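As given, the protein sequences belong to chains A and B, one line each in that order. Note that my numbering has the first sequence beginning at 1249, numbered continuously upward. Note that my numbering has the second sequence beginning at 1249, numbered continuously upward.
These are calculated hints, taken from the structure and not from any lab test. Since the model is a prediction, treat every value here as computed from it, not as a measurement. Errors might be hidden in some of the hints.
Same chains, same names: a pair is fine if it fits in one copy or spans any two.
Taking lysine to aspartate or glutamate and the DMTMM-like style, the derived pairs with C-alpha atoms no more than 25 angstroms apart in a straight line are [unchecked claim]: (1) K1377 to D1293; (2) K1590 to E1378; (3) K1527 to D1293; (4) K1568 to D1358; (5) K1591 to E1383; (6) K1337 to E1559; (7) K1540 to D1481; (8) K1644 to D1605; (9) K1638 to E1512; (10) K1463 to E1403; (11) K1388 to E1403; (12) K1609 to D1358; (13) K1525 to E1324; (14) K1488 to D1327; (15) K1590 to E1364; (16) K1265 to E1559; (17) K1529 to E1567; (18) K1468 to E1355; (19) K1525 to E1647; (20) K1527 to E1512; (21) K1273 to E1364.
There are 2 protein chains.
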Amino acid sequence: MIRNVELETARRLVLEKGRPPGAEKVGLLEAHGRVLAENICAPMDQPSFNRSPLDGYALQAADTRGAAPGSPVILEVIDTVYAGGCSTKEVTGGTAVCLMTGSPIPEGADCVIRQENTRAVQGRVEIIKELSRWENYCFKGEYSHKGDAILDRGELLRAAEIGVLASLGIAAVPVYQKPAAAVISTGDELVEPGTEPAPGRVYSSNCYTIACRLKECGVKVVSTGIVGDDCGDIERAVAKVIDEVDFVITTGGASVGEKDLIMETMGNLGAEIIFWKIKIKPGSPALFSVLKGKPVISLSGNPFAAAATFELLLTPFLEKITGNGSLGPNTLRAVLQNDFNKKSPLRRALRGHFVQDDSGKALVEIVDRDQSPGNLQVALNSNCFIDIQKGSAGLKRGEMVYIYF
Amino acid sequence: MIRNVELETARRLVLEKGRPPGAEKVGLLEAHGRVLAENICAPMDQPSFNRSPLDGYALQAADTRGAAPGSPVILEVIDTVYAGGCSTKEVTGGTAVCLMTGSPIPEGADCVIRQENTRAVQGRVEIIKELSRWENYCFKGEYSHKGDAILDRGELLRAAEIGVLASLGIAAVPVYQKPAAAVISTGDELVEPGTEPAPGRVYSSNCYTIACRLKECGVKVVSTGIVGDDCGDIERAVAKVIDEVDFVITTGGASVGEKDLIMETMGNLGAEIIFWKIKIKPGSPALFSVLKGKPVISLSGNPFAAAATFELLLTPFLEKITGNGSLGPNTLRAVLQNDFNKKSPLRRALRGHFVQDDSGKALVEIVDRDQSPGNLQVALNSNCFIDIQKGSAGLKRGEMVYIYF
C-alpha cells in the first residue's frame, strides 16, 4: 500500500485496474447515447449516384449557349423522374430530362438547370439561361467515398452521428457494453431522504450524487444503499454486490477517525489495498483497493469532497471502462476574477463559475471562498473546478488559472 | 396562411401553439435527467444542527487560554459522540466532549479543537493550542436556511441537483411529464437503412436525426417511419398518430415540386395551415399547421436543412412543451477565422466549428463553405451555427459574428 500519493499517481493506479468494455451490436435508435466500439468507414459513396441538387432539367451545357429570356433554347423533354425514380434514357443534344431535387442525373447530361430558369411547353422546355458544364451537378461520392473514415471508436453517438450512420444505410452498430457499478454509503449518521432524522443524523446524499454521475458517464448503477459503521455489515454489503458489478464506489469511513472502517473491512475481505490518501484538498482520505480483480474506490463521506474526488480521480478510469474517450475533464485557461488569500500546502480544487466576456475571453470566479467540504449546495452555482497548485501562497484577481469542467 | 415569414415570426407562431406540460411526482433517482416542475425551498436548515467540521473535542474557548505543547490545559472528557450520535451532556468550564466530523456540537461548547492539537489521557484530554470562540464551529443553517430558494422550476435535474435534494431530505420531486411526438419522413425515394436501395433511392436519415434530437430535448418519440409521396398514405400516417401525441414532425414534401404534398395533405385532413416558408437558408420550405389542436411541423427533406430548421425554429417551442428553460440555442460572439464570400439575400445559418484560443477568446471557423444542404456529414465536424444576416455581402476573417449551439 502507498500512502499520500500525488493525484496523477492515484489516477494512474486506478486507471490500470480498469478493464476495457466488451461490445454488442444494437440498432441505430438504441445506439443513441452509447459509445461506438469500432471505427466506421463509409460502406458506399455519398451520394451514391450523380444527383440533382434542385428541381429542374438535366441537359447538356452546350445546348444552352446563347439562351436568354428573349431568345430561349427549346429542348425536347424525353423523360420525367420523380423522387425515388431513375431515368434509363440518355440525354443527347437537343433533349432534356425533368428531375426533382435528389433525383439521379441521367447519362449524357452534364448540368441541371433550375426550374425557375425554364418554361415548360407541351412536352418541351424553354431554356432561358446559359449554363456551364457540371453546373448544379452533385457528383457521386462528392460528400464521402466508400471506405472513407466516418466515425471513430470511442465517440459518443448523438443525433448527428446517428443521422450520418442512417444516411449511409447502416442499421446497427457495435457499441460498448455499459459497465456495472454499485454505490455504498457508510456511516451510522446517515438516513434516507423522506424519513425523519433522529438528532445528530443527516440525510444520505452521496449515493444519489454518485449514482447519477455514474449514469451520466454511461455506467449502469445496479445498486445503491446505506450501511452503518460496522465492519461486518460493510463486508456483507461489499461481498453481496462484488460478483454482479465491474467496480464499487463507497463513501465515508476512509479517514482516520475511530469509526473509519473501510480499510479494515477491505483487508478482512482479502482485498489488495493499493493506496490510501491523495495529496489534494478536498477529498484526501480516499482509499483504493482491488477485490476479486474489481476496483473498489472509497471516497470521503463529505459530500463535496466525494464529488470532487470522483471527478478528479476517476475520469481516466471511467473513460477506459466505458470506452468513451471524452468524459473530460476538459481543461481551459481562464482569468481569475477574485482574490484567494488562503495558502495551499496541498494541491486544491476550488469550485468556480466560468463565464465568457463580450470578447469571448474566459473568466472564472471563485464561488465558495470558505471552501467547506460539506456544503454541497455551492455546487449548484459552480460549473468548474479551479486547479490550485501545491505550495501556492494565494492567488490574485487577474491571474491566469487552469480550470476543468 | 402566411407565406415567407421571418424566422422570429415563425418561431413565435409555433411557440404559441405549444402546450405547457403537466407534472408528476417521481423518486429522486427517476427524477435524474428530468425537468423540475415546481420551485423547491429548503424544508430545513442545512446543516440541521451546530456541527463539528472535524474530529476533535468540543469545549469552551476560555478554557484554552495559554494552552501550548509545553503548558497543556487538561479537561475532563464527559462524553464521546460517534457518527450519528448526539450528546445530551452540557459542556461547562473544565470539560470537553469528544466528537467525530459531522457530529452535533453539544450545548455549552463554543469551539472545537482538532484532534491533532490534543493528547488523550485516561478520560481526560490535554489541549495544546489556544482557540477563539466559534473556531471550527459550523452553525446550524450556515449553508442554507429553512425556506431558502434552492432550485427553480424549469431546471434540468443533474447529479448535483439530485444530491442537494437528497441532502435536504427530499425523496421525491414534481417533474414535468415528457411530451410525446411522432416523426414521419415522406418521400418515394426513401428506404430504411439495412436494406438494398434500388437505383435513385436514398437511405432515410431524417427520422433518425430528428427522433434522437427530440429525445435529447426530453421528448418521448412514440413512432417514426417512412411514407411514400401519396396524399392518402400521408393522411393515414398522420391520422394514425395524431391522437397519441402532442405534436408531429414531418420531413420532405414541403417545397414546391410536383410531389410536394404536405400542404395538400394537411388541408385534406382539415388542419389549419399557419405558415409556409421561412426567410432563412437552408430550410426555407417549412410548413406549419395545426390538426386537432396539435402542432404539425413539416420540415425540408434535405437532411441538413431539416436539422438546421429544427434547431432554429423549434427551440422556444420545445422549451415550452418540455418545461426545460435552457435548451438553447446558447448565443455567443466569436471571431470569424475564414472569409465567406457568398452574398446572402436571405438570412443564413452556416455550420461552424467553435474553439477557444489560449487566452480564452472565442473563435469560429466556417466548416462547409459550399453549404450543400444535403451533406449531413459536415455536421460531424461542426459544433455551432453562424448567424449571417439577410443582405450580407459576405464576411471577412476577423469579423465578430454571432454563433449559437
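Structure-based check of all given hints:
Taking the closest pair of Cα atoms, K1377 and D1293 never come within 25 angstroms of each other, the shortest separation being 31 angstroms inside a single copy and 77 angstroms across copies. With identical chains, the CA atoms of K1590 and E1378 are at most 25 angstroms apart between copies only, with a shortest distance of 21 angstroms across copies and 75 angstroms within one. Taking the shortest Cα distances, K1527 and D1293 never come within 25 angstroms of each other, neither inside one copy (54 angstroms) nor across copies (32 angstroms). In this homomeric assembly, K1568 and D1358 never come within 25 angstroms of each other (Cα to Cα): the closest approach is 51 angstroms inside a single copy and 49 angstroms across copies.
Within a single copy, K1591 and E1383 get their C-alpha atoms only as close as 68 angstroms, which misses the 25 angstroms cut-off; across copies the closest is 18 angstroms, which meets it. In this homomeric assembly, K1337 and E1559 never come within 25 angstroms of each other (Cα to Cα): the closest approach is 63 angstroms inside a single copy and 40 angstroms across copies. Taking the shortest alpha-carbon separations for K1540 and D1481, only the intra-copy value of 19 angstroms comes in at or below 25 angstroms, while the best inter-copy value is 59 angstroms. In the homo-oligomer, the alpha carbons of K1644 and D1605 lie at most 25 angstroms apart both inside one protomer (19 angstroms) and across protomers (22 angstroms), since each shortest distance falls under that limit.
For the identical chains of this complex, K1638 and E1512 are neighbours neither inside a copy (30 angstroms) nor across copies (70 angstroms), given an alpha-carbon limit of 25 angstroms. Taking the closest pair of Cα atoms, K1463 and E1403 come within 25 angstroms of each other both inside a single copy (17 angstroms) and across two copies (19 angstroms). In this assembly of identical chains, K1388 and E1403 lie within 25 angstroms of each other by CA distance neither inside one copy nor across copies; the values are 27 angstroms within and 46 angstroms between. Taking the shortest Cα distances, K1609 and D1358 never come within 25 angstroms of each other, neither inside one copy (49 angstroms) nor across copies (46 angstroms).
Within a single copy, K1525 and E1324 get their C-alpha atoms no closer than 84 angstroms, and across copies no closer than 32 angstroms, so neither meets the 25 angstroms cut-off. For the identical chains of this complex, K1488 and D1327 are neighbours neither inside a copy (72 angstroms) nor across copies (36 angstroms), given an alpha-carbon limit of 25 angstroms. Proximity of K1590 and E1364 under a CA criterion of 25 angstroms is satisfied inter-copy only: 21 angstroms between copies versus 71 angstroms inside one chain copy. Taking CA atoms no more than 25 angstroms apart as the test, K1265 paired with E1559 passes inside one copy only; the shortest distance there is 17 angstroms, against 42 angstroms between copies.
Taking the shortest alpha-carbon separations for K1529 and E1567, only the intra-copy value of 23 angstroms comes in at or below 25 angstroms, while the best inter-copy value is 39 angstroms. Proximity of K1468 to E1355 under the C-alpha cut-off of 25 angstroms is found in neither arrangement, the shortest distances being 54 angstroms within a copy and 45 angstroms between copies. Taking the closest pair of Cα atoms, K1525 and E1647 never come within 25 angstroms of each other, the shortest separation being 30 angstroms inside a single copy and 51 angstroms across copies. Within a single copy, K1527 and E1512 get their C-alpha atoms as close as 21 angstroms, which meets the 25 angstroms cut-off; across copies the closest is 69 angstroms, which misses it.
Proximity of K1273 and E1364 under a CA criterion of 25 angstroms is satisfied in neither setting, with 47 angstroms inside one chain copy and 56 angstroms between copies.
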